[in-house]
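J.: One-letter residues, chain by chain:
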Amino acid sequence: MIRYVFGRLLSLVISLIVASVVIFVVIEIAPGDPASFMLGLNAQPETVAALRAELGLDVSKVERYFTWVTGMLSGDFGTSYTYRSPISELIADRVVVSLPLAIYALILSTVIAFPAGIYAASRRGGVGDMSVMGATQLGVAIPNFWFAMIMVLIFAINLRWFSAGGFPGWDKGFFGGIKALTLPAISLALPQAAILARVMRSSLLDMLGEDFIRSARAKGLSQRQALWKHAVRNALIPVLTIIGLQFSFLLAGGIIIEQVFFLPGLGRLIFQAISARDLIVVESVVMLLVFVVIVVNFAVDIAYAAVDPRLRTKT
Amino acid sequence: MKGLWIGIVLTVVFLALALVSFVWTPFNIEAFDIPNKLKSPNVTNWLGTDQYGRDILSMIMMGARTSIAVALLAVGIGMAIGVPLGLWAAARRGSLLDELIMRGNDLIFAFPSLVIAILITAVFGAGAINAIIAIGIFNIPVFARLTRGAALSLWERDFILAARVSGKSAFRISWEHIFPNILNLMIVQGTIQFSLGILAEAALSYIGLGAQPPTASWGRMLADAQTLVSFAPHTALMPGGAIVLMVMGLNLMGDGLRDVLDPRIRVDRT
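From first to last, the protein sequence lines are chains A and B. Using full-length UniProt numbering, the first residue of the first sequence is number 1, and each one after it goes up by one. Using full-length UniProt numbering, the first residue of the second sequence is number 1, and each one after it goes up by one.
Calculated directly from the structure, the hints in this document are not laboratory data. All values derive from a computational prediction rather than experimental measurement. Accuracy of the hints is not assured; some may be wrong.
As the list claims (entries may be wrong) - To be clear about the criterion: a stretch of chain A counts as covered by chain B if any three or more of its residues have a C-beta under 8 Å from a C-beta of chain B, and this derived list gives those stretches: (1) 91 to 101; (2) 201 to 214; (3) 230 to 236; (4) 239 to 251; (5) 254 to 260.
For each residue, glycine too, the CB sits at the ideal point set by N, CA and C.
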């Protein structure tokens, strides 16, 4: 187990290094100098040079890469060109929207998918199974941002149960914040729930074909008892992996949903930074998202190996 | 089997709409017709008109062209690079090269694809070409992994052994014996990636990073519809419906093809 964890840890570090280099290089080859962009066309060369020095653009690229990386390791993400404030503060302000949204969506997706998948598996080939599978077929085909628009049309504009967008802030009360995140979370969760329900179903069906289920049946358990007592627990292993992967998808997918609902999250920060060509913000936020995704995947791998010892021997 | 046919019909309908749009659309979408703006679906404009009075059916036809072209080329990139990489890794299985290729794939997989697509299009400029590249990159590891996995099991088979004994090089075996045998698998996966590409293109053009005006695209039609949806819901329902039907068609076709092309699964499911 220790060897396995060490191996995964090594590949985690390599992934993070490569990721940071790729992101840095992509941003570096972006056309346009941020300093001259910020100061406009009529700027004096001396002013531009002064700003370049202030932003740290006048040192070599390699030096800048290391400044950026070591800064991030100590929690210093640099300073935004446009906001004129530390990027770590900008991120901290937005994470309190994006992270709860992703977690909320993950909970919803799991709560919808588990019963749906178990129900479909227990009714294999029947009408119930067919309807759940049909619904998931629809679920994976619906773009989440379009589903979000439809939800706004129905629940915000026609029924007026929710507001069409915006975020009141957590200081205005927990319930208000949760309410503002409900439609976005449902829109994010639905397509993911469809995928998860399918995985749950097929994983359960695999388990139902195993010998230990036959033994359980032979000792007198009904099919339903065998399903609940033995199959569900074992089927959870592959399902957990998918949940781990979904978390990162939900965090990244939130970028678009935030646009639909005008939520002040990381996605909005990225888009505002893109249109202002504030590339240091883009660079740091993208790196943060990639970091979270890679670390979550690592955690899932470890959890997986802890639950299922057979996996430790594989790399 | 029913699913396969529904899938084929839906896919063919959208392909046909896209092809027909090259020679004919019901209305010219470059001409604004303000007096006729935001008309609900009616006899003249079957799917209604948008905020400039343009015919939505015509725009969906033109948009189908963009979606299909972007998604198809992105699948093409993934296959053209991923399949040879997978074959190469399998031919040199266990070597450092194999390890490098597969670790590289893991790395791409670990990236949140949407974030990187946004990064690429943001830095290199929004547009169809950059959208194709951004989506295509994430298709590479999908095909490389699938190819390697399938090729590895084929390398163990007797007919490959026979080819090796007869003195064929690993390259010739990969090309003449392995590749034809994994083609079915590639077609199925290609269909699935095609549908994911349609969704990705729609998402990118919705946030303004896909095909730029005057090129019509479903995603941008939805972005335009966002402020109109409360009083002209059809502006959002029609392009969104087109995306859902096209993606569903491709998914049904992919699932159906898998059942038909892979006899082992067919036995298993009945």
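J.: Indicate, hint by hint, whether the structure satisfies it.
T.: We went through each hint and held it up to the structure:
1. 91 to 101: Since three or more residues must qualify, the claim that chain B covers the segment 91 to 101 of chain A is violated, with 0 doing so at under 8 Å.
2. 201 to 214: It is violated: at least three residues are needed, and the segment 201 to 214 of chain A offers just 0 whose Cβ sits closer than 8 Å to chain B.
3. 230 to 236: It is violated: at least three residues are needed, and the segment 230 to 236 of chain A offers just 0 whose Cβ sits closer than 8 Å to chain B.
4. 239 to 251: holds (count 3)
5. 254 to 260: holds (count 4)
Checked against the numbered hints listed earlier, the structure breaks hints 1, 2, 3; every other hint is satisfied.
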